[in-house]
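Chemist: Residue numbers (this note's numbering), protein chains in the order written: chain A, 1 to 97; chain B, 1 to 541; chain C, 1 to 140.
Quick caveat, the hints were computed from the structure, so don't treat them as lab data. No false leads were slipped in.
Which stretches of chain C does chain B cover? Using the computed rule of at least three CB atoms under 8 Å from a CB of chain B, they are:
{"no.": "1", "segment": "59–66"}
{"no.": "2", "segment": "113–127"}
{"no.": "3", "segment": "130–140"}
None of these values were measured; they are calculated from a predicted model. Ideal Cβ placement from N, Cα and C applies to all residues, glycine included.
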Amino acid sequence: MKILTGNDLGSGAVVWWTGEGWSRFVADAVDVDEHGAAIAAAEEAARRVNAPYVIEASAGPDGPVPAHIKDRVRSVGPTVRDDLALARDPRAGSYVI
Amino acid sequence: MYRYDQYDQAIVDARVDEFRDQVARRLSGEFTEDQFKPLRLKNGLYLQLHAYMLRVAIPYGTLDGRQMRMLAHIARKYDRDYGHFTTRQNIQYNWIKLEEAGDILADLASVEMHAIQTSGNCIRNISSDQFAGAAADEVGDPRPWAELLRQWSTFHPEFSYLPRKFKIAVVGSDTDRAAIQLHDIGLQLVEQGGELGFKVFVGGGMGRTPIIGACIKDFLPARHFLSYQEAILRVYNRYGRRDNIYKARIKILVTELGAEEFARQVEAEWREILPLGIDAPVAEIERIEGFFAPPPFETGLADDVDLSDPDFAVWVKQNVHAHKVPGYAIATISLKPVGGIPGDASSAQIERIADLAERYSFDEIRVTHAQNLVLPHVRKADLYALWQGLRDADLANANLDLASDIIACPGLDYCSLANARSIPVAQALAERLAPIERDPGELKIKISGCINACGHHHAGHIGILGVDRKGEENYQLLLGGSGAEDASLAKIIGPGFTQDGVVEAVDKVLGRYRELRTDGERFLDTYRRVGVDPFKAAVYG
Amino acid sequence: MVELRFRDDAAVDEPGTTLDGFLDQSNATAVRIEAGEDVRRLLPFLDRLRLVEIAFPTYRDGRGYSAARILREAGYTGELRAAGDVLVDQLWFMRRTGFDSFAPEKALDPAAVERALNRYASVYQRAADGRPPVWKLRHG
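Sequences and hints are given; from them, build the entire structure.
Modeler: Printed below as a string of structure tokens:
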């Protein structure tokens with residue numbers, strides 16, 4: 001599947017496209033199929049996201065898992081700072097690497 | 001410490017206003033990201049993996065307690081309660097909001113700090129020797145010259161759109177603690193017939209094409225300091241390559257022309273520039289030097305230190321250096337706790353160091369390119385109290401220049417350019433090697449998470465370079481580098497490893513070293529004596 | 001098209017010829033310098049030059065700043081025009097290196113120009129605009 005990610009313009013926070021808006025949680029991301037570029041362009045123009053891009057992901061038990069390690073790190077936080085990890089489930093960091 | 005006058009302050013304040021204006025235009029949609037990016041980079045604001053990252057300049061790595069407290073305040077108020085000291089003597093904050101960037105710059109300006117030219121294709125923060133003004137072996141203090149360069153390079157109208165970034169380092173002694181031969185320009189203060197001047201190195205650097213700088217002038221009279229820099233920069237600005245970002249650094253121009261021809265062109269340009277009145281007058285140099293006058297050292301102090309506490313004795317042996325004034329010492333605060341993140345400090349630690357500097361080091365703090373901090377002027381009689389104060393804040397790591405004192409870039413945990421993580425490798429190596437590190441003595445391990453080499457892997461006695469191999473982190477092992485006065489470039493010894501594999505490989509390299517070394521020989525010296533083959537055999541069998 | 005001009009004399013309407021073309025002609029008074037061309041080749045002819053147009057193919061290409069300063073340092077007093085990717089955020093540096101007219105590809109906002117040119121009250125370096133560096137103000 002393909003999912004869309006970027007950063008919030010003002011806060012810089014990593015965000016994921018949910019089909020209706022942007023979430024901090026990759027688990028909320030939806031498959032954008034071939035629509036990623038169009039959504040990215042419209043959302044960027046409306047300043048609801050900064051520097052968006054489409055990535056490959058696979059469907060996991062708790063939602064999409066980005067294919068590339070870089071985006072898995074982005075989805076949770078630095079692997080060396082568990083205390084800063086962004087997750088609803090405190091074990092979510094375990095799938096990063 | 002240099003203090004701003006009305007002119008310095010007005011320039012930095014105007015920059016805060018300008019950047020606020022630019023941020024507002026981005027948030028309102030007047031700028032696209034493409035238009036805004038070069039402007040924010042000129043002010044050290046990056047978009048990194050998790051958020052915006054702000055790089056704050058610490059000119060020549062010198063701070064006072066008031067500035068340290070502000071760095072702690074910024075960490076607490078605008079970030080996640082910590083900062084990261086970098087290999088270019090700066091500090092980075094990893095969780096910055098664009099909306100608050102202007103407020104942070106205003107807070108910095110209130111303590112005479114800024115983020116000007118901490119990124120972009122311009123002259124970056126000037127780096128220097130962390131022991132400046134304290135080292136027993138210095139010819140003169142390099143900091144006034146670094147400050148002169150800071151001012152001259154700030155918003156230089158001709159050199160703000162160079163082919164690529166440009167890094168200058170200045171030292172004042174034969175011992176090179178700032179890796180000057182790995183800078184675009186490296187300047188060493190020297191004396192000739194009673195006159196001060198500079199030995200000038202050009203074209204060093206790491207990154208994709210590591211090169212050791214060439215000396216293009218043995219003695220540049222100090223009075224012509226700026227005009228000669230201007231000549232070098234002009235030759236580079238005119239003829240440096242702009243067709244390929246990977247060949248745009250001055251080192252490529254110097255290599256392609258040859259150092260002699262490059263020097264000839266600089267001399268020719270210098271002759272054109274000399275009559276134009278570019279050089280600051282002696283009065284200005286003396287004004288700046290006045291700020292760096294030695295603090296009021298006491299005389300007649302004893303040199304004895306009571307080493308009866310064994311943990312303290314270990315720290316003194318490892319982290320304390322000779323000072324030029326009897327009764328004083330230079331203390332290095334290692335930001336490399338085993339299992340920690342190299343160069344990171346919490347706001348509480350930063351404040352603790354500010355306290356200790358005010359109490360024990362004439363209110364001076366330095367940042368080292370090895371991501372540690374220094375209190376440069378400590379009475380030997382105060383060392384024990386200082387150490388206790390450090391220990392209570394987990395800052396008394398007695399590992400300076402040992403195997404666990406590892407330089408590591410932020411790597412893929414933070415950096416959008418990285419191919420692999422650096423910090424976990426540093427942590428695993430430190431844990432493995434800390435129990436045995438006193439035996440090999442000085443060992444410089446340096447780790448970068450990509451070829452840009454912010455972790456200085458080419459200058460490591462042992463270097464590690466993280467690469468992406470088919471989507472997996474992979475680590476190449478390099479041996480034999482040095483960023484000191486005996487500069488050399490480490491070389492890759494063979495195929496790469498997994499993270500666990502590279503830790504094993506380093507362990508094997510050190511095992512072989514213990515078999516091969518002569519008495520008192522550092523790893524680097526053994527490597528230089530016996531060559532790479534025995535180590536290759538040990539690692540790859 | 002020239003959008004900003006900081007000179008009182010009449011504009012030169014002769015189109016700038018190429019550097020090679022200029023060097024071949026004995027009577028041309030206007031020349032256009034592409035990024036990377038050596039302006040020092042013009043130095044023997046400064047007295048008959050009235051316009052030098054320096055191209056900025058992209059704002060990131062800073063060679064034109066050196067070209068401008070070299071001409072001013074050699075005593076050129078005619079019009080020095082920056083043409084091409086000239087943005088408001090570079091105007092200040094261009095003025096300081098000796099440019100006195102601007103032909104940007106994209107129109108500039110006059111209010112932003114005003115702000116950009118008056119933002120900094122003092123400067124740290126001697127350049128081609130005659131402004132005294134801060135050290136001159138400090139020591140006279």
